[in-house]
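Chain W is already provided as a structure; the job is to place chain F on it using the hints.
Sequences listed follow chains W and F, in order. Residues in the first sequence are numbered consecutively from 1, following this note's numbering. Residues in the second sequence are numbered consecutively from 1001, following this note's numbering.
Since the hints were derived computationally from the structure, they do not count as laboratory data. No incorrect hints appear here.
Okay, derived cross-link-like pairs now, DSSO-like style, lysine-lysine, Cα gap no bigger than 27 Å in a straight line:
#1 W/Lys24 x F/Lys1154
#2 F/Lys1195 x W/Lys553
#3 W/Lys291 x F/Lys1154
#4 W/Lys450 x W/Lys540
#5 W/Lys148 x F/Lys1142
#6 W/Lys540 x W/Lys392
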Amino acid sequence: METFPSLLKQHATQRSNDTAIRMKRYGIWNSYTWQQMASEVDQILCALAANDIKSGDRIAIIGNNVPELYFSIVAAQGLGAVPVPMHADSTPHELKALLKDCDAKIAVLQDQQQVDAIEQAVADLPNLDIAIYLDERGMQSYSTEYFKSYSSFLQQGVAYQQQNPQFASEAMAQVSLDDEAFIVYTSGTSGKCKGALLTHANYVATAAAFISQEEIGTHEEVFAYLPMAYASTLFHVYTLWMMQGFTINCPESNETLLIDMREVGPTLFYGPPHFFKMLHASISSRSASSKSNMLDKSLAELHTKGRSFFSNLLVFNPIKDLYGLSKVTHAYVGGDVLNEDVFQFFKAIGINLKATYGTTESAGCVTVQQPDSANDKSESNVGTALAGVEVKVTADNEIVFKGINAFKGYYNDASETQAVIVDGWVHTGDIGGVVNQQLHVLERSDAISKFANGADFLPKQIENTIKSSPYIKDAFVTGEDKDYISALIIIDGDTVGAWAELRQMQFTGFRDLSTKDEVVELIAEKIKDVNASIERIGGKNCPHIKRFTILNKEFNISVGEMTRTRKIKRDVVASNYAPLIDALYSTTDKYDVVDSTGELVAQLRLQTA
Amino acid sequence: MNMSTESKKPLLVLDDISLSFKGVKAITDISFNVYEGEICSVIGPNGAGKSSMLNVINGVYIPQEGTITFDGKQFNKMKPHTAAVMGIARTFQNIALFKGMSVLDNIMSGRNLMMKATFWETALNIGRAKREEMEHRLEVEKIIEFLGLQSIRKTPVASLPYGLQKRVELGRALAAEPKMLLLDEPMAGMTMEEKLDMSCFIQEVNRNLGTTIVLIEHDMGVVMDISDHVVVLDYGKKIGDGPPSEVMNNQDVIDAYLGVSH
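In isolation and in its complexed conformation, chain F is listed as follows:
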């Protein structure tokens, strides 16, 4: 993935995005591109606007200014449903799984948008519904194998350790076969071993499935290791944008992380 950014095609273009809540500015005039096939990390201190940024991308928040272009289509406001249909999937900072349901059912729910059978067909498990169920189950099983979840496929999510729940959440996002995957702190609260596993999975998803990944992460070691491209936010503004090596030496970034007074 070490091609220069100019030669790559942007999948997502954010142009002059500003977002405020009742006058409090969360994001100010932010523009950056996410290129096809890359792992792009968004980093910054607490409250820098990282999660808000992600919420803007998949349409949870509607920015007051600016446009979003995804896969060649321009939007003034993205809606969550449109984002999902266009191929943007995400995971959440706090795990948002169906706790009482099994790993299999949780991941299956990620394919919801691809199921075409009607309510009655599904309720009676006839015709198209049955066929669909089998097709989708196969795709879900491939994800289960990929993430090594075979031994817990029928286990209720609530009884799993945190690290595994995070993995299930990644599985559910993958089940939507997204073009772009938004991961909100996928490694927060994990042990070292779990972090290593998770970064391997993220890299494999990127490499083997070709999925573009936008990642929010606090662990700088992980970010610098796996990212092709890093965007740094501080107080809602972009202060750095480029390959990890370049961003690491950027004085503004160093200041933001070491806490220079504003």
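The shape of chain W in the complex, shown without the other chains:
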């Protein structure tokens, strides 16, 4: 096993002219070979040293997927320092909390957005000595003492390198597998953020097990589009890339993501459930607005006649091509449970999609589904543990694991570490079960409660079934100590908009659309479907969804209603919407949404299903 910096050295000699990373800039894909990447990494490493960064120091990496930030990660690791990836769109408040917690000495930033955020927090960060920014636009008016451009930073590195030509190689050679490779902050569906310490060995060993089980090649094309601060990006993009020496591709911007993905045509693809759901909704909505019903016909045919040459040629392949999925040979979904209908849709169009389960504390991967034959088809099934990893459930049905991927502990938080690692087993806080060696993940332990009739209430299963409708983007159900379930529904503005246009309905925007009679009816239809099989979904004696309302806006990440991985924070939503939820358990059929000044913003209709 090798550390990340020595993996880079290997690729730079063995495949020096192969493309390591591409990024679309100004409409054109620019690439770096492994050789070019290695030499820029050396320069960054020297520049860090020139700025007095030492082994063990923390380096914040804040931005979207861009080559220079990936280079900075390897350079930091090469120096023995610990990179700490953070979200590009973090608020000043969030950044301050994280930078303070990890006590970062230097931050590498993408552009003015992060510079602004840091500038507001800088007074409270005495140990953050310097911030480097990549994009120089709009940077004329900032302190040049504190904020330095990446190009001038590299110059420092070049000068340092001329004085100490062997420095970079020597530093990299001293890095050991047990050194910390990353501090990764948990997105946290509950409680405060915690920084998980993960070593080179954690990542490299886990990835080696994954690569041999999944037969990942050395010439894959990977699309690096998820935030670098996701634990899954560090595993499925960064680690696999550094291990296998294939090519990763960074999109031009978040707005061009689907266009760029189509141009790349990834062969290895990892996505969270909401991404697959978005693709599915987009495909359904296109199919609904076309005159042909070939997609539905071909899907129906799969059950009776199987996959025909013509349905592949005329329907499935063009769909895959349109969304950049034609070359995908390995596809994974993780981070949360993907609804079974959506999952099977991707399988049906010919994508070998597999569910994985991982947490921040497990270097991003614990289990992955086996090839089809070994699977049972329930949506909670996330497969078997990787070689070198043990997974089981405790007496309370909490999923625990240990092995090569188990993290060292939380940075500067011994009490949390002790609470999570018990007798060598890492406790995940997820409730599930192991059936025929297949792990099933059901719900977060703190989300489980009981209905008034004493039956267990596991909201995720019910929410996921509601969300299988392409017209519903998000759903939140409540029912603790009640005799029926109430649901807050957020419609998908794009698909419902297209649906409404098809019916020649007039509407002004999302808010207007969400109150239309026809839309309410559309959602009520879905709720009725869910109610028809509620005991199969929610368990024995699960009551019906009796009341629901369509919200006038989406859940908000910046006020903490959702994590950055788009999981609902139940306690925040429950408290932010408490009066509305109370109203759903009364007999009223209207609820007025008022803003902070008391002005009426919207009137929600409380429906009885």
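Quick look at chain F alone, frame taken from chain W:
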């Protein structure tokens, strides 16, 4: 931009301009200066002569009397081509884009004057033509990024919503790297959100690229917010000229807008 007008250098000087169509006077004896680096708005009721004024500046109409001085050179009559070569670019009240062409190609067409390759070089895509294409494409891509048009760069203009088409038109004008940009009602018919976006872009162009801007606009809120200097026309005559705060309190201007009988 709050320097007093005396300390600034005029980029455009209009001196006693009169324009009539077959005896109907559209503009009568109008003089005003546009100073380097400012946002100057020309406002006035319908038919006040605002668009005619803009057409005089870039040479579409030739005034019967008066002179135009741009960047130190005096003209009795400006020609559209001269105006373009000297660095005056404009957008139109009604969108005037090539509807069937992509956003990228439309903006690229704004660099037409800077392309030096011959017809045959371009047709065969050899030598200078190829090199030029790449250089100009880079500049155009910078504008595309600046205006946030990346996701639609290859989309035909005709299929875009109105607000975006206006933005593309601004992009094409910017592609000429003008010293002065004439914008004819850039926010007409836009939603509130589109208006906000557009005024941000106009201010950014002015601030970051240093382009002088002459703007015709009806939305008084926008005008007073972003302008350094406001010129008010009514029935072809100038009735106000100064900073927004001063013009707002000018009795003639108030009368013109509230409709005092003439």
